Each structure stands twice: as structure tokens, then as C-alpha cells.
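J.: Residue numbers (the working numbering), protein chains in the order written: chain A, 4 to 500; chain B, 4 to 500.
A hint or two may mislead.
Said to hold, decoys possible - Listed next, with one range per pair, are the computed distances between beta-carbon atoms: (1) GLY462(B) - LYS65(A): 39 to 47 Å; (2) GLU312(B) - ALA451(A): 25 to 33 Å; (3) ARG62(B) - ARG244(A): 30 to 38 Å; (4) GLU54(A) - GLY462(B): 54 to 62 Å.
Stated by the list, open to error - Quick look at which bits of chain B chain A covers, simulated, 3 or more residues with Cβ under 8 Å: (5) 19-26; (6) 34-45; (7) 94-104.
As the list claims (entries may be wrong) - Footprint (simulated), chain A over chain B, 3 or more residues, beta carbon under 8 Å: (8) 121-131; (9) 141-155.
Think of the hints as simulated: they come from the structure by calculation, not from any bench. Predicted, not measured: the structure shown is a model, and the values here were computed from it. Idealized CB from N, CA, C, for every residue including glycine.
Number of protein chains: 2
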Amino acid sequence: MPARASEPSRASRSADFGQWYLDVVRDAELASYAPVRGCIVVRPYGFALWEHVRDALDRRIKETGHENIYLPLLVPESLLETEAEHVEGFSPQVAWVTHGGAAALTERLAIRPTSEAMVGAVYRDLIQSYRDLPVLVNQWANVVRWELRTRPFLRTAEFLWQEGHTFHASAAEAREEAERMLDVYREIWEEWLAIPTIRGRKSEAEKFPGAEVTLTGEALMGDRRALQMGTSHDLGSNFARAFDIRFLDRDNERRHPFGTSWGFSWRTIGAVIMVHGDQQGLVLPPRIAPIHVVIVPIWRTTDEQVAVESATARVEALLRDQAVFGDQRIRVRIDRRDEVSPGYKFNHWELRGVPIRLEVGPREIAAGAVVVSERVLETDSTHAKASVPIDRLAADVAARLERLQARLLERAAVFQHANTHRVSGWDELVEVGAEQGGFLVTGWCGSAACERDVHAATGMTLRVLPFDGQLEEIERPAVCVRCGAPASETAVFARAY
Amino acid sequence: MPARASEPSRASRSADFGQWYLDVVRDAELASYAPVRGCIVVRPYGFALWEHVRDALDRRIKETGHENIYLPLLVPESLLETEAEHVEGFSPQVAWVTHGGAAALTERLAIRPTSEAMVGAVYRDLIQSYRDLPVLVNQWANVVRWELRTRPFLRTAEFLWQEGHTFHASAAEAREEAERMLDVYREIWEEWLAIPTIRGRKSEAEKFPGAEVTLTGEALMGDRRALQMGTSHDLGSNFARAFDIRFLDRDNERRHPFGTSWGFSWRTIGAVIMVHGDQQGLVLPPRIAPIHVVIVPIWRTTDEQVAVESATARVEALLRDQAVFGDQRIRVRIDRRDEVSPGYKFNHWELRGVPIRLEVGPREIAAGAVVVSERVLETDSTHAKASVPIDRLAADVAARLERLQARLLERAAVFQHANTHRVSGWDELVEVGAEQGGFLVTGWCGSAACERDVHAATGMTLRVLPFDGQLEEIERPAVCVRCGAPASETAVFARAY
């Protein structure tokens, strides 16, 4: 076998987190830049990761009573303009289609930046009676937002997401739906992506254009900057009024329904990289890992090769047939390449964050066992290879996957906790913001001016006004960190992606 | 309960097939027109149908070694122009983006009509060595083709499809791949959609712009017009040359790889409607039906209602837990609406093509049985409701689904066979084409002029040059139907969608 091949150099995660992120995306072959501005090509390993996230969320969206639909990509300009705040918020980011074939169009068409306007126009006809409510629909789609500064997965001119859209007979039911779907997101973030969040409302300045209330989940990345993981909007009757959607209620009155919308995009893949990854590359929560177990055959002579290949195939079959990880089958890959050494392969799969590696060689075959290694976590002080008898392998692998899944969430929660700071005064806010970063929890009077001042002085934005029951160990701030007036809100500030 | 509600009127399938199709799409709530030219809104029932088709095909695409990726929606004009035949074929149908936000772009961007050009540009960098081959990738995506005459599912300005793209070290391997994927399509058409096809090559005039050879599967709709169900292209080294993709071969020579691409779109949903549907509405092959079994509770008094609701829930649980149809769980829906009568519900679900209906009422509860009805097929002379004991219900339902799936394919094959005509001379071609329609099998000399003459005189196009082993009962034609020269090919002509 040839010697271990050279690796492209990777930036230091601690010294240059931004470049480290780009290097990991490249080295792990998750995505590459496309020959069109601001867009990426999602490569097989990256797309498989997204498929597992998408399928988990899709299942929960359906279990909570929603049905998938598909709406057009193109939105006539007049439609997009129907809701005033909405168009004002999105029009600077819209890509416009002006020609079809050789002919100029009579009206420009926006490539959807989101679909509330299309939903409004379509459901104007479909909602007539209270019997048509609630409408509970979702679509998986691409959207385009003409961003100037892009970053793979986190901010791209085109991205994939799901957007849920619902209509309800009452304001209370719409609010409940917006909260329910944020909680479905929380479940996916925690149980699948192993990422804890602080959840709550956005400020008026940060909310979705056209919404009454925007709910959000904010997570802390490895460089102590925040990332908005997804949002769920209570739209009130704003879009229903703008699009003149009305239903005949039980009492024979015609009323506007109340709407919600909620979106979850592939930027969550960026969060997985930035929360769990380390200098060696990706660390993947097992539930979304494209490959759970990689098997590396080890042999020198041709005789050994024959025996090892047959043992490897038996181990693969055993894991596929017998090992179950939650409701998933174990996803196994045998790395049969003969042009690279075992050491090269170890490195290759470690970089790709595969949770478990098995080594099968003549010694293992003789012992009726397999050498099992887990993806090393830099925060764990000890890590040993274990020799596991074949008859205990399926159970052993499943238990290790369960443990790693739990361990990653726990580790991320400890990190978030350690980087959440209660700050009382202005100087403390500025100093802690500049020197430590993380989530800064403080009092806020509710005025947009004070919010702007914080941003201007520190670069931090108001990420979330947290729901009760979170940050319970933190004393409720009494006054606004900026103006000193009584605090009407507890606010979480952070520098954000 | 209120009386049976009135239905929108539906055109006659035999007298006005085109309008009947539109009416069924509307009445079964598969799709509706969108407020943007040529586009549709796919509603929950239509999208669920597409999801089952998509998931079945996606599984086979992965089982045959392909991985999913995602490529950008927007293709710079210069990229689209790289392969000359390709751009000539597609540019009349391209929607152009000219502005991002307020700014005019320096180069126009095409909304992808297909992604060969993007694939060429991306894989120029990713393919270096023979070790990088074969490349076997696929994406599920939306594409836009600016069509003047549109029709839901069959021809829409935007549509959903999958497009596979592969590169190989040899021409033979690429041809084999194109054939393999056409055969995967055949499997989905036959085993899932229950639609037989004639498969073979396209003529030069009909092939994909930029391909060496286009393979196709052609099916016959209920009005005896043909529909192209999907195509698989052997691209030779055309795109590799145009995009200067080269790999270092084992012998240290730099060579162009050979490519394929293959696409399967939601137009196949249109085929399901047109092949199996009848005057009552949809008839769905069970393997893709969003709902396998609908349960209609029958009751008059409140006491009855309580007993029936509880029995209905037990039947649903029994089917969900015990009945298995191939590798699928049984998909059950209980129609609990109390504002419409059982008769209305029967009609509602028959229109939507649900394969099996169960009635559960006080009499059934007393007898420990359930009344089972299948979706009536107009071609079947007898159809009776059966009373099936609860303990045999799961097996009975599964057997009926299996039988219906097979029955639909058989019925469609009989129809195709009955409407496939061998024609020898010009007058016969014109007469049979005008009076009977269907597939017309005849001799062809291979010249584009004769092909054009047939089209000009009859409106028929050359659908397919069939592979051997099909149409075996038909004698091989000796001369060209147009010019009388010796026939180099057996050709199948038809009027087509």
C-alpha cells in the first residue's frame, strides 16, 4: 500500500474559526463553490447529512397534522407587493426574472424569497368556510435571497428549506401553532442535531417582515457567536387582510383567518459543523450521520486479504441485520480502497465525523473480535480502542451511538452555559461582549433606540427575548442596560452569523 | 346528516378527454392553477401521490449506486452556451434573471431548464483521475421551461423532477448506464404506476440536445395519444469535450470521460390519471395511492355513533398494525365528517381513486365483520361488496391491494396491445392514424425528410425506435412507409402530448 497521502492544510479552529469552517466544508467534501455567485454545490456527503435532517423533520411535520404541497418558484411583482411590510423587508434581496425565451415579460417575476405572498393569493380561493380551517401545509423548496456576503450553508443566495404555512379560525389557535412548531424544531435541534438553543420572541426590529410575532431558537457556535436556527411566525391576520382572505364563520359572519409560517433551512448543517466540529474535522451526531460505522480491513498478504474480506462482509451483514439505533438501521460503509493505507483511511473518516470505526484484521479474526474506536472528542481526556467479541458487537455499537448522541448534546449545553453571561451595566456589556462573546443576558426597556445603541457600540444584536423557564439560574435584570429605565424584558444579545 | 352535496360537473371522458383530465385534476384536488403563468399549485393529495412515486424511484436510484447532490438553480448564460447543440435546443425556453435586488446583473442567469451545463462546469474540477470515476449522482429539483401551452403535470413552466448525471471511463460503460437507468424507470412505471411502455431510441430529430443517443419509454394514454414517460441520454463525450473535462487514465493518458443523464418528472402523475382514470375520477395503483383504505362509519343514533366510533378505531389500528402490502404499511383514513352523508363520502373517495372502502356500522359490529368494497373498474363487469370477518380483514385487504395493482397493469397492457397497429403503406398510415390513433408501427428508412413528412401529413411524431424483444408479434416492416426504400428501422409513430 502507498504511504499516507498528504492532506490539504486546514486553518486552526481556535485561531481562525471562519477559515477553519470553510476548510472543513471543503475537506469533508460537504459542499463546494458553484460557478454562479453566492451559490454552492452540495456534494453527496453534505446532501446525505441534509437528507437525514430533512426526513426527521418531515416526519414530525406530518405527525403534527401537516400535509406537503408545492407552490410556484416565481411570484409576480404585484403579488409580492400586496403586503407592505413584507415587500419592504424582502425587495432588496429579490432576484428578478424579466425575460421568458426571447420575449420581455409584461410583469417582472420574483424568484421566491419565501412564499407568504403566493400562499395568500392561492388560499384566498381555497378558504371559504370555517370547515376549510385549519389549513396546515408545508413545502420543501429552494428560495433565493440576493445576499452580498455569502458562506456555505449559513448564507447562500439560493438555499433549501421547508416553509410551513397555516391558517386558523382564531388568533389564539394561530399563536399555539407557532409555538408548537417552534417546539418541533427544538426537538429536532436537540434530539437529532444535539444542539441546545435559547428560545423566545424576536424584538420588533428583528422580526419577520409582516409578522405579529416571530419566535426563534438561537444556538451558540464554537466561536461564541450566535446562529438563528429557525423561526416560527405568528402572522396574525396581516396577510389574510392584505390578500382579502375571509371565511364564513359558524355564526355566519365573514372573518379573516389568522396565519402562521415557519422555516428551517440547511443553515442548520452549518450549525452542526460549528457546534460539534474540532481541529480534526467534523463530529456528527449519530442520528444524522450519513455513515454510522466505517469498517477498515487490515491485511498484508493475499491470504490474509481473502480471510479479512470475508470476515468484513460478515461483520457488515451482522450490523445491518441486527443492530438497531433508535428507529434507524445501522449505516455501514466498508472502505475497501487498496491505494491508500489504513492510517490514511482512519484520518479520512475521522475528518468526516463518522462516529464509529471498526478494524478487522487477521488478529481480530483469530480472536473472534473486532477493534472498535469512537470518533475522538477533544474534550474527552481518555480514549481507548476496545476489542469487542463479535457476538456482542451489534449491542456494543448501538450503545456507543446512543451514548455519543447524548454526549454531544450534553457537551454543547455545557459550552452554552459556560458562555452565557449575566451583565448589568453598560461598561460590563461592552467589555464582556468584546472580550468573551457568547450570550449576554441583560435588562432592556423595550425601546428600539436602546437596541440600536447596543448594536452600534458592540456589534451585537438582540437575538431573543427568552421564554420563561430558560436561564432560570440567572437573576431577572431590573433595569435597561442602556438607558437605566425599568426593564420590561430580559434580552439576550450576541454577535451573530 | 345533510343530503348528498352537489358535485361540480365533469366533462365526458369519451367525448372530451382533454377537459375530463382538467376536471379530474380539479375535482380530486390534485392541483390548481397558480397566479403565475403556466405554473400549478400541487395540493396535498397530488403531492402525496408524487411523494410515493419519488420515494420509490429515489430508493432504486440509491440502490443502483447513485448519491444525491444539489446544484444551483441559476446558470450563467456563458455556461449554458458552452455546448452548442444544447443551448440551441433550450434557449427558446429559458427564463432569464437580469436583476438582483435593485442592481442589473453583469451577466444574465438562466433558471436551469436542466443541469448538464452546470454539471459540466462543476465536474471539470472534481474529475482528475480514473479513480474519480464513475461519478454517479442525482438531484431532485425544480426546473423552468418557458412553455407557451401548458397543462397541469404534463407541461408546466416549472416542474419537479429528478435528473441523474454520470461520468464513466469508457463509452461502453456510459451506454450501459443509460440503459440500466431506463430499466430502473421501466420498473417504476410498471411495478408502481402500473403503466406499460414501449422502450427504445429516439430519432435524431427527437433526441436530447447534446446527446449521442436518447433512450425513452413511451406509454399510451386513455385517448390513444402517446406520452413520453422519461428519457435516459448517452451523452458520449460531448459535454466532457465542451467543458474540457479530462481524467488521467491508468495508462497515464488524459482522456475525456463519457457521460449520461436521465430524467423522470411529475408528468408521470399525469400519465397515472390518463391511463387508469375513468368517468368517476381517479383510479390509483395501490403502491402509490396516498390512502389505501378509507373507513366510512355508518350510524344514526348517538348510541350507535359511540359504538361505531370505537369499532372504527379498532379496525384502523388492526389494519395499521397487521396488514402489510409489499414493503408498505397500510395507509388508512377514517372519514369522520358529520356534515355529509355516507353516500357523499363514497363518491368523494371514489373520485380520489382510493382502492378500498370499508363500511363499519351497527350491523357489521353485531356480525363481527366489515363491508369491503373495491374501487369499481368500469371494464370489470361484476363488482360486489363483501362482508369480511374482522379476523380475516388484514389479509383480505392486502390481497385485494395486490390484486388491484396487478389488474391495473394488465388492463393497461391489454389496452396498449389493442391500440398498437402494424401499418404498411402510406394510405394505411394516414387512415389508421386519423381514425384509430394509438401506436402505429411501420418501416422507416432513417431519413429526417420522411420523418417530417409523416408529421406534416398526420400530426404524428416518431415516438420510439423500439428495442428488440418488444412488439414481437409484429412482423418486421421491410420498407419505409414514406419513400418505399428498404427500412433500416422499425418505427413507432403516434400523436403525442
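J.: Determine whether the Cβ-Cβ distance between GLU312(B) and ALA451(A) falls within the hinted range of 25 to 33 Å.
T.: Once the Cβ atoms are compared, 54 Å apart, the range 25 to 33 Å for ALA451(A) and GLU312(B) is violated.
J.: Do ARG62(B) and ARG244(A) keep their Cβ atoms within the hinted range of 30 to 38 Å?
T.: violated (45 Å)
J.: Are 3 or more residues of the stretch 141-155 of chain B near chain A, judged by a Cβ distance of less than 8 Å?
T.: holds (count 4)
J.: Kindly confirm whether 54 to 62 Å is satisfied by the beta carbon distance between GLU54(A) and GLY462(B).
T.: violated (44 Å)
J.: Just to be sure I understand the hint, the distance between the Cβ atoms of GLY462(B) and LYS65(A) should be within 39 to 47 Å; is that true here?
T.: holds (45 Å)
J.: Checking C-beta pairs, does the stretch 121-131 of chain B have three or more residues closer than 8 Å to chain A?
T.: holds (count 5)
J.: Please check whether the stretch 94-104 of chain B has three or more residues whose CB lies within less than 8 Å of a CB on chain A.
T.: holds (count 11)
J.: Would you check chain A against the stretch 34-45 of chain B, counting CB to CB pairs closer than 8 Å, and say if three or more residues qualify?
T.: holds (count 8)
J.: Do at least three Cβ atoms from the stretch 19-26 of chain B come closer than 8 Å to Cβ atoms of chain A?
T.: Three-residue rule not met by the stretch 19-26 of chain B, so violated; n is 0.
In summary, the structure is inconsistent with hints 2, 3, 4 and 5 from the numbered list given earlier, while agreeing with the others.
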